[in-house]
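First to last, the sequence lines map onto chains A and B. Okay, so the first sequence: first residue is 1 according to UniProt numbering, each after it adds one. Okay, so the second sequence: first residue is 1 according to UniProt numbering, each after it adds one.
I should point out that these hints are in silico values taken from the structure, not numbers from a laboratory. Here a beta-carbon is modelled for each residue, glycine too, at the ideal position from N, C-alpha and C. Possibly wrong hints are sitting among the right ones.
Unchecked claim - Label-pair restraints from in silico Cβ distances:
1) A:Gly202 <-> B:Lys9: 39 to 49 Å
2) B:Ala62 <-> A:Gln115: 31 to 41 Å
3) B:Gln115 <-> A:Gly92: 45 to 55 Å
4) B:Ser88 <-> A:Ala133: 50 to 60 Å
5) A:His251 <-> B:Arg17: 11 to 21 Å
6) B:Gly164 <-> A:Val140: 35 to 45 Å
7) A:Pro61 <-> B:Thr121: 26 to 36 Å
8) B:Ser88 <-> A:Gln115: 42 to 52 Å
9) A:Gly202 <-> B:Ala62: 20 to 30 Å
There are 2 protein chains.
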Amino acid sequence: MELLDMLTKALIGDDGRTVELSWDNGMRTRFHAMWLRDNALDDKTRSAGNGQRLITILDIPAGTRIAAASVKGGALEISFVPEQKTVSFPAGWLYAHAYDRVELRKGGWTADVVQCWTRATMQNSVPRAAYAAASHDRSVLREWLSAVRTYGFAVMDGLPAESGALCKVSDLFGYIRETNYGRWFEVRAEVNPNNLAYTNLGLQAHTDNPYRDPVPTLQILACIENTVEGGESTVVDGFAVAAALQAEDPHGFRLLSSYPARFEYAGSSGVRLQAKRPMIELGPDGELLCIRFNNRSLAPTVDVPFAEMDKYYAAYRRFAELIEDPGFEVTFKLEAGQAFIVDNTRVMHARKAFSGSGKRWLQGCYADKDGLLSTLAAIEHDFREAAE
Amino acid sequence: MELLDMLTKALIGDDGRTVELSWDNGMRTRFHAMWLRDNALDDKTRSAGNGQRLITILDIPAGTRIAAASVKGGALEISFVPEQKTVSFPAGWLYAHAYDRVELRKGGWTADVVQCWTRATMQNSVPRAAYAAASHDRSVLREWLSAVRTYGFAVMDGLPAESGALCKVSDLFGYIRETNYGRWFEVRAEVNPNNLAYTNLGLQAHTDNPYRDPVPTLQILACIENTVEGGESTVVDGFAVAAALQAEDPHGFRLLSSYPARFEYAGSSGVRLQAKRPMIELGPDGELLCIRFNNRSLAPTVDVPFAEMDKYYAAYRRFAELIEDPGFEVTFKLEAGQAFIVDNTRVMHARKAFSGSGKRWLQGCYADKDGLLSTLAAIEHDFREAAE
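Model the full assembly from the supplied sequences, consistent with the hints where possible.
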């Protein structure tokens, strides 16, 4: 805790329903009695072993108030009635969890850990790591996982150029999401493809499987062989494109985020996948959460009112134009033994058309961000603890 | 197609930007030229094999208009300019995809396939199937999967009372979502549990893993042994409870759906899971999509403004009271060889405390709704085709 965060005074307000804390940087933050009681850190409220809350909200009297509040040894000590329970809150914990603030965020804001990028800022600094280093050195793994969190994609070099090697990447941080395509799937030109991915055609930048709910939040594509002409991979930061759309056409952005789109896929026997989610998904607080963009599986849009449909389509068109803008595109050609991972809720990927006598053999799989972010947070936690 | 859906007339409007269709039931529905062109069903626009769209929105001229529209053989024939392209739309398809309608839905509406339930309507009609029948008879499987879609849970009888049997259930429709808990996990009382689930305490009705994003959308719990006193399973329809909350306190419902909650779990080494999602998640069109409710992993709420926090907590308390209301609770005691599945985005599950000299051994796993709904839709499609 920095000096900045020193707690100086605690003043009970609103008849014991709140307490106002003063900090030596001049800041004041209020907390509610009920909030403090529910979030008490004592071992009757929270398991000391696993941190889980041991009580339910119904175990806390509805009329809970603060009978006494004081600053002791830099911490806040609170006595609650009618429980007659006294607990202590570290000042740093209170500072980190203060909710008494004025925040004016416009719809489409992104978390601090997210950094948007364009070709200009990213083409020459694609985040990458060697598999051997990432699998043996936790600081290398931390950097690589952190890049996925920050930029939504990263490249991995030095994998075996063999079938199944992509699982080594997901094993670094989490678990494969198995689907009707298998634990992983082949991406190569086929004679009678049931999916356009399995041709030599170029593919417009897209997110994968928007017809699936929940959508796979990560995708890994690993290269076993790539000796064709063309067939480069490209990635586009969907959050950057969404921000650009919002800047030039706020109403269009609002339309794409306010109405669900429909997606569907029924290319294989026994499979009829459908989802109803917006192209630009915002959380209830306006946070930009997920981009879904895929011309191939976009189903008829039936949730936009007639009066808005022309403007909705104009916004969709403009979104597509921006996605195709080379200024947003980062390109690399996967060599045998290389893979890349994309945050499939944010970064679109595309493929250039290919030809020639060579072969292009990739394998793809899905995984989920919960595992990746958890592994990253655990490493960061361990490193912080080791540093202290 | 029923007689009701007969298409009688097509009238071009707004200088070719729209067409108004008349139906013999008196209904009129307008479509936009751009929408019709984008959703054309011809084999240059959609792959005849897999149904995927072969063009992008940028392949369609921005100034696309309808030059001619007529009803031919019950279908709509449209000629687009400047492409000089003529395509036909079956009347039934147009009827099913009409978007020109006035819909006034209040926030919290649910899809037609969803039927809410209470103890009064469900305790004596718990949906169930025998495993042997469900695995051999597609109409039995269809009924069982359909119950999960409609009611959010179902029981399965007649499984082997042995480790791993729960995978037989997920194999019927989809894929296990592997997590840090494994492909499946043991649920039995342990000496030093890292999770309260592994004690003999009762557990408040909850959804699983709200600290995971994406949340596992299905959970299966299978019983291998259950000879204790107590330990009954209960399920509660979260959508029914949310509707009850909304009916008695619309503002409270709005608060729980308008502000994200935070969830976290760090009970095991190497695991630090965190998520930020509301307790009641609505789609952008107000559709009720997901309930997250778990006192154990609810982290401090920091996204609710100070001025709303007391009312937010009051709504959370009331939501919890309703969840505990026996009128919403359906109870059954799993016997060896029985399992149940819950839609973890909707139906909460709980466990009564247990004691006695017997043993209670369950196994649990997660899976996802995309696979279940896809399998169900494919069976329904096959049955419809067979009937025609």
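- Tell me, which hint numbers fail for this structure? none
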